[in-house]
Amino acid sequence: MALSPYLLLAAALFSIGVYGVLSRRNAIGVLLSVELMANAVNINLVAFSRAHGTALGQVFALFSIAITVAEVVVGLALVILLYRSRRDVLVDAASDLKG
Amino acid sequence: MMDQLAFGAVSAGLLLSALLVVSTRNLVHAVLWLAVTLVMTAVLFVTLSAPFVAGIQILLYTGGVITLMLFGVMLTRRQDGTRIEAEVSPGRRGPALLAAAALFGVLAGALSKTPKLGATTSTVTPTEAIGHSFLTDNVLAFELLSVLLLATMIGSIAVARRHDHAAETKPVGGRREPG
Amino acid sequence: MTVTPLTLALVALFTPLGAAALIGAVTPLRRRGTPAAWLSIAAVMVTLGCAARLFMLRLAQPDGELLRTFAWLPSGSSTLAELGVRLDGVSIPMFLVLSVVAACVQVFSLGYMADEPAPARGRYFAYHSLFVFSMGLLVLAPNLLELFIGWELVGLTSYLLIGFYYQKPSAAQAAIKAFWVTKFADMAFLLGLILLVSVTGSFSWTASPPAPWATAITLLVFVGVMGKSAQFPLHIWLPNAMEGPTPVSALLHAATMVAAGVYLIVRAHPLFALSETTLAVMTSIGAFTALFAAVIAVVQTDIKRVLAYSTCSQLGYMIAALGAGSVMGGYFHLTTHACFKALLFLGAGSVIHAVHSNELAHMGGLFRRMRLTGVTFMIGALALAGVPPFAGFFSKDLILEAMVHGERWLPLAALLAGAFLTALYMTRVVWLTFFGEPSTEHAEHAHEHGALMVAPLVVLAVLSAGAGFFGKTLAAVYGLEYEFSLTPVGVAGSALGLLGILAGWFAWGRPGKTTRAFELVAPLGTLARSGAVNRAWELGYRQVLMVAAELIAWFDRYVVDGVMNFIAWATLRLGTRLRRLTTGNAQDYVYAVVAGAVVIAAWGIFG
Amino acid sequence: MEHLLAIIVAAPFVAGVLLLLVPEVDRLMVRLVALCGASVSLAGSVLVATHYDLAEGGLQLAASYPLVPSLGIALRLAADGWSVSLLLLTGIITFAGVLASWTLRERSKEFYVFLLVLVAGVFGVFVSQDLFIFFLFYEIAVLPMYLLIGIWGSSHAVAKDGPFHFVWKLFDIGGREYAAMKLTLMLLVGSALILVVIFAMYVEAGQHTFDMSVLGRARYPRSMQIWAFPLLWLGFGSLSGVFPFHTWSPDGHASAPTAVSMLHAGVLMKLGAFGVMRVGMVMLPEGAVVWAPMVGVIAVVNIVYGALSAMGQKDLKYIIAYSSVSHMGVVMLGAATLTTTGWNGAVYQMFAHGIMTGLFFALVGLVYERAHTRSVPSMGGFGKAMPAVAVFFTLAGLSSLGLPGTAGFVAELMVFIGAWQSAHSWWAIPGILGAFFTAVYVLRTVRMIFWGPGPAARFDELADARRTEWGALVILGAALIVFGVYPALILDFINRTTPHYLGAVKELIGAP
Amino acid sequence: MTFSVADFAPLTLDLALLAGLVLVLVVDLDRAAGAGRVAGLLSAAILAAIFVASFFVDTSGSAFGGAYQGGAWALFFKRVFLFSGAVAALGSVEHVEARHPRRQGEYYVLLLASLLGMTLLPGVRDLILLMVSFELMGIPLFVLAAWAKTDERHGAARYAPEGALKLYLVGVVSTATTLFGLSLVFGLSGTTNILRLGAASSSPLLTAGLLLMVAGMGFKIGAVPFHSWVPDTYQAAGTPFVAFLSVAPKIAGFAALAVVLAIGFGSEPAAWRPTLIALSVASMLLGNLVALAQTNVKRLLAYSGIGQIGYMLMAFAAVGPGGMRTLLFYTAAYATTNLGAFLVVEAVSADGGDDSIASFAGLSRRSPALALAMLLFLLSLAGIPFVVGFWAKLYVFVAAWEAGLEWLVVLGAVLAVVGLFYYMQIARAMYMVPPSVPARVRTGRALRAALIVSIAGVVGAGLAPAPLFDDAARAAESLAPAPATETVARVP
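If you read the sequences in order, they're chains A, B, C, D and E.
Per this note's numbering, the very first residue in the first sequence carries number 1; after that it's consecutive.
Per this note's numbering, the very first residue in the second sequence carries number 1; after that it's consecutive.
Per this note's numbering, the very first residue in the third sequence carries number 1; after that it's consecutive.
Per this note's numbering, the very first residue in the fourth sequence carries number 1; after that it's consecutive.
Per this note's numbering, the very first residue in the fifth sequence carries number 1; after that it's consecutive.
Bound conformation, chain A alone (with noise of 0.2 Å):
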């Protein structure tokens, strides 16, 4: 099979990715988002994987695979933190810094 249609998926999920990350207010709705971003990554390097016929891109993602964890976790003691100090997780709302 063609590997056109799968690096076109990954880029309907990473643009998918990119509007929630643009339209969520809420920071957790924000970081869903950029998991679906880094998911179309590794559909990319699953795919690269499958057309060169080696474990590369395989182990490539499964490093991605980690570090967006990584991230997320972060993430998430981040969003805790804004929401004791604000009572609140809205990205938008947290503009306090600007200019």
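Note that these hints are calculated values from the structure, not bench results.
Where a beta carbon is used, it is the ideal one built from N, C-alpha and C, also for glycine.
Please note: incorrect hints may appear among the correct ones.
To be verified - Below 27 Å or equal to it, Euclidean Cα-Cα: the simulated BS3-like pairs (lysine-lysine) are:
1. D:Lys314 to D:Lys160
2. C:Lys168 to D:Lys160
3. D:Lys169 to D:Lys384
4. C:Lys168 to D:Lys169
5. D:Lys384 to D:Lys314
6. A:Lys98 to D:Lys169
As the list claims (entries may be wrong) - Some chain C residues flagged as far from chain D (calculated, every beta-carbon gap over 10 Å):
7. Pro5
8. Trp38
9. Leu59
10. Arg68
11. Asp88
12. Gly150
13. Phe179
14. Ser208
15. Leu219
16. Gly436
17. Phe484
18. Leu499
19. Thr526
20. Glu550
21. Asp561
22. Ile605
Since the structure of chain A is provided, determine the placement of chains B, C, D and E on it from the hints.
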């Protein structure tokens, strides 16, 4: 042919669930839709002969991330607690759509302008190869990853832990009483 | 020990400069006043001695010249300008005249300025010494550049001396007015010099630039002359210059400095002779000024102003003569005029010193009280009026002859009319000053002021009376031809002079007729008092120059600088505006990242 | 002798460093150290003049100290005839400037430190034979100005008016900090342009050195010279007050303390003109020939416009500042003539104007210090209370209006002759007109301040020059006369160098 | 493929750093042994020791099958990072001790972890390793940015989560973008070996991948339009950390960019050069202009830093060894200068200031040395002679000019003057405005030491830039053969 059909079905589910992740009003639903997306991705990986990655995907993402996210939702629910909403700011939808569409357009355009990318092969990579790769070529990255995870752990705890709040309001000079 | 002429000249030139420097730099000397005065007089006496010796030498050997120069400004491998000394038949007599008059005036000043505070006197004599040096530099200049240097320096001393009473606003005004007007004219002079050096490669008056350039150069230089020698319409500063102490008026603004323009033309006559146009212009302007200034002199009520306009008028004669080609006429009249006009001014000074006023109306009946002054003043007046055998008669005669010779009929008519008017206004002055009844307390108690003030009068009176007979000697020294001969026009000139005296006596000489006489000249008075020329210049200064200056000052501050400020302002505003891009909303930040990525990628792929 | 130039440049700097060790309270010591630094440089400058072999000409007393070999940068110092004259100028002005600011009270130690650093930069520029070092010194000379004006300057109100009145909301126009900032920014924009051209020359010459003699020998393409020259002209010109980039000058000079005004108008503005000539015209002759008409026209505008602006001012410092703008126009006019006489005149005018304006600002400082006002119309009759100040002010004024016997005359005469001999003879006419306008405003100013009845009772602190101030006045005044009477003292140096530098230009325009 | 002990030789310094990290962690865990400032001083000492060791240890050679390449290039960056880390750690001691007494050890552990990621980056020749070290550098920074969560001074506690979250959100999106680009580049070239990336046949998709990577890394260096987090995060986070954040990760970002672009795709600069130029222009313009309108010193320095990044991008865009050595020199100059500037801000705000320009009023009279130090840093940032920043700008301009970017040089030069305006606002406050509080600024000893080191760097390299420049030149040359300048397409 079966490949295409399977791919079509999986990708349709994938995209649909992803769209729901970003559009559903209920945040808990969004988390669950993300779980669906991640599982569908794992399925896709299986069709791409990457069962190990699929397994990790399920384990780490669906098992770990989704749980974390749910915790996060619970912890940060509004104090009135009536609705758990993933508010979408109405003014942002249009521009966000525009940006996402433009991004997709650029990527799709690049894809379409790129001549024959070749097909996927049917070679199935054995899991051992992956493990081998971890411990040889990428051992350094692997080791580093552990440091990364350690740092993440320390950092997350330091950020999220509550108990040092009260203590730190009055500086203690960082020195404990001897003995 | 034989003293070379060069040494004499240098000693003559630099002794006064040394005196000036000494008085200027040594504060106690200046503060004391009297020692400074004597130092200055000693210096001018040295100059006089040297000048006299030079004159003698010249008489003995009237040929040749002494020229000593050194390179002053180099330009590349050549020399742009030289300075030095030139001793010849033109410079030596003038130098003598200068030193004689200067000596007389300084001695006179000793008495005249006696009432001034000591430091002011020190300053006064320092200026005088500086003037002698500057004028000497002008006279002995070997080229037009050095002449110009001296020219400007005498302008400076003129400025300083007119403004001697600097705390008096009118004096202050008069001083800068004199400087501005002459400086304005000197711009043309300088431009002429620049043309000269550019065309001929030197500042020498013997260079002969091609015809059109010659006209341009001489015309430009002549504008400078008009300024310095107070020719219409640049004469306006001279009457105001009478704000200075009267001896200053005698020396600078009658005898020597104002005559520098005439001297310049005499000096540079080879150059001026190259252009018929310039000569014609000179005659016209000279003759017009001679008449115009004489007319105004008739109605002045200030004794010094009468003499000032008279000076304008007489300088007009000289310039007209030079324009008509009579170098001798111009130079001769310059010499005689220096004597009698200095005499007249010093006489006036003596009178003013006595009555404490310049106004003719405050005088009267002084002849009985100041007999010597009266006699000498009248000698001067007669010389000025051109009554034979006084000096003015001979020189004026020569000028009128030159007009006939050059067939300048219109100027001749003007000069003849001027001769009549000259006699008229001098008679008026003499009468109103010395005869009739004293009109003020001061005039009642007027008296002579001792030998120091009288002696110079006598010396000058002798010269005024007798100088005319030495025309031939002078001519020999000049190296020019001169033979006195009585011509119809000369007779007419003296006749008109006598007529003028008569008319004057009729008008002012008979008690009680004065009022009617004024009615007679009323139209002239209107003309004079309106000061149309002066007003035009004032208008140019106030309404054009000052307004332009204020406009430009405003423009620079608020438009040119405004634009600079605006650029800074706009940059800062832009910064403030761009600041709003950082909205504080993290999603906007992410949006920027995505948009940036899309644009970059799109540009890379499709661009 | 080999290190003489280095010593001249270093002396003020070393004195500045030494000053840091002197306690602030020891005011006399602070001043003496500063004066020592200035004296060493002045003495060194005189030594340079005496040791410069006129017969040999060219660059002498050369010394080179490697600095950044990888870029071909070295501290190359050498003096030509122009340098000699401008070194003397800087030495004299600095010395007089230290004397004139003797009575400064507030934070005087820091003041002298910055002042001396600035002076070191000025000396450096005049003897640099490495384009990069030239620029470096140029910057050192310009930058301390910000603090010198910003801290020790004075403020005044400027009425809000004109089409750009809204900028008053944002800027404190007339304030010393505003003036300091404006000056610094405008000059640094200029520096940026200079830097650009310096790189262009460096790259274009391709010799990997900033040695000016090497860069000077390089043949730059015509197209490059044509774009590079105006940038240099603008860059350096902004410092020499070229219209319309002169507007920092009135505000800057008006706000600056006495010694700073003296140095700035007296020496710093010359750096700009020197740069235009030494770097722009000598090293980019084709550009110079192409752009000379514009340079000349703008110079003429400077002369007349500056003089008229000065005439329209009421603030004493503004009058003198605008007169500097006008007189620097004379320098630029001389440069634009591209003739030997004109160039001699331009460099001589740098010298003459430096001394003259130094004297002016010293006097303005004295008057301001005693009268506490700079508004000329409010003054009057000061001559009675401060005769020496009046005399020297008049002397400076006479030099500025080009009276023979003062240095100003010599310079203007040569420039105007050069202008007439150039391809654009008419330049001489507005030039001369400017001299006349100068006579108008200078004498008017003298009359308004020193002449007339007075002084009014409120000017009870008026006093004549005192001790060290006398020193400053006498030195500068004497220089004006000495160099006006016997210009050969430095003109010989200038004239020894000019034909050499003008060679390339003359070749291009086919002049003999 | 196997590896041997020899493989670790090029990584000696990094391993030492890792060991140091563990040491600090252990010391911190054993609180009774005396936590306090020990962790900070220990970290600083470790970093300083490794920095010194870097001059004696041979770290050249390649390791792990070419995944890592030691040598002058990597070493240069390592030193910059170690220097920045040491100064920042030293500068943090009093700050952390006073404000986060319960979280001192973690602070330094995270700092060291981030540093470990950085020191590896320039030597990385493998995409996976690149990704991991990039993240190792980044994730601790997210956390450290929120460190002020309990600091009640001037509302820091309220701002900290916001600033950190902004950094985080922009960061993760950028990371995702980078990774997406990385996945495309990897996929299309079929290798994770960076040295072989250039061999892939160029295609629009590859270009897209490459540029997405550049965009993602643009976040790290804070180039416009990926810069928006910079001022907010700087304002919110603890100043000594900001000092570190403002230099080390940015330089590391450049290292990563250089690894990918100059090493991976050095053969076809046309693909990425225009992008860098565009980013450079945007950064210089926006950074310098917006800085004009700032009243908070940290925000001002943030925007000024954005402008500085523009100059570094200009150097990068000059391509070739000329550009690269210039970039290296600039990074070093920028590191020491900006660190110093922020540490002065810390010194002032630690003693009652509030980061506003106004709080610098009269500093020259309160603490002349501190004011002079700040002045020197500001002059260096502005690019004024005799401090290192001048040479940095100079080299950039020369390199850019030689690369045919004359117009960019003109723009940069003019904007440098704009920059001077806002730097002078601080200088003005220090020297011309009378102080509101006359008291001397009390500065901790460690902070003072850190400042002295920075000053030494700024002035030392300002007076004698040659050694540093030669070092940078050697490092640039040791990089994989870069394209000759002639082949660089001139940008219209």
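Checked hints:
1. D:Lys314 to D:Lys160: Holds, at about 16 Å.
2. C:Lys168 to D:Lys160: violated, 37 Å
3. D:Lys169 to D:Lys384: Violated: Lys169 of chain D and Lys384 of chain D sit about 43 Å apart, past 27 Å.
4. C:Lys168 to D:Lys169: violated, 45 Å
5. D:Lys384 to D:Lys314: holds, 22 Å
6. A:Lys98 to D:Lys169: holds, 24 Å
7. Pro5: holds, 23 Å
8. Trp38: holds, 22 Å
9. Leu59: Holds, because the least Cβ-Cβ distance between Leu59 of chain C and chain D comes to about 32 Å, which exceeds 10 Å.
10. Arg68: holds, 17 Å
11. Asp88: Check passes; 23 Å lies beyond 10 Å.
12. Gly150: Violated, since 8 Å does not exceed 10 Å.
13. Phe179: Nearest chain D Cβ is 6 Å from Phe179 of chain C, so the label is violated.
14. Ser208: The claim holds: Ser208 of chain C sits with its nearest Cβ about 19 Å from chain D, beyond 10 Å.
15. Leu219: The claim stands: Leu219 of chain C keeps its Cβ more than 10 Å from every Cβ of chain D (closest is about 14 Å).
16. Gly436: Label holds. Min Cβ-Cβ 36 Å, cutoff 10 Å.
17. Phe484: The claim holds: Phe484 of chain C sits with its nearest Cβ about 40 Å from chain D, beyond 10 Å.
18. Leu499: holds, 44 Å
19. Thr526: Label holds. Min Cβ-Cβ 31 Å, cutoff 10 Å.
20. Glu550: Check fails; 4 Å does not lie beyond 10 Å.
21. Asp561: violated, 4 Å
22. Ile605: With a cut-off of 10 Å, Ile605 of chain C remains clear of chain D, as the shortest Cβ separation is near 34 Å.
Going down the numbered hints, you'll see the structure goes against 2, 3, 4, 12, 13, 20, 21, while the others check out.
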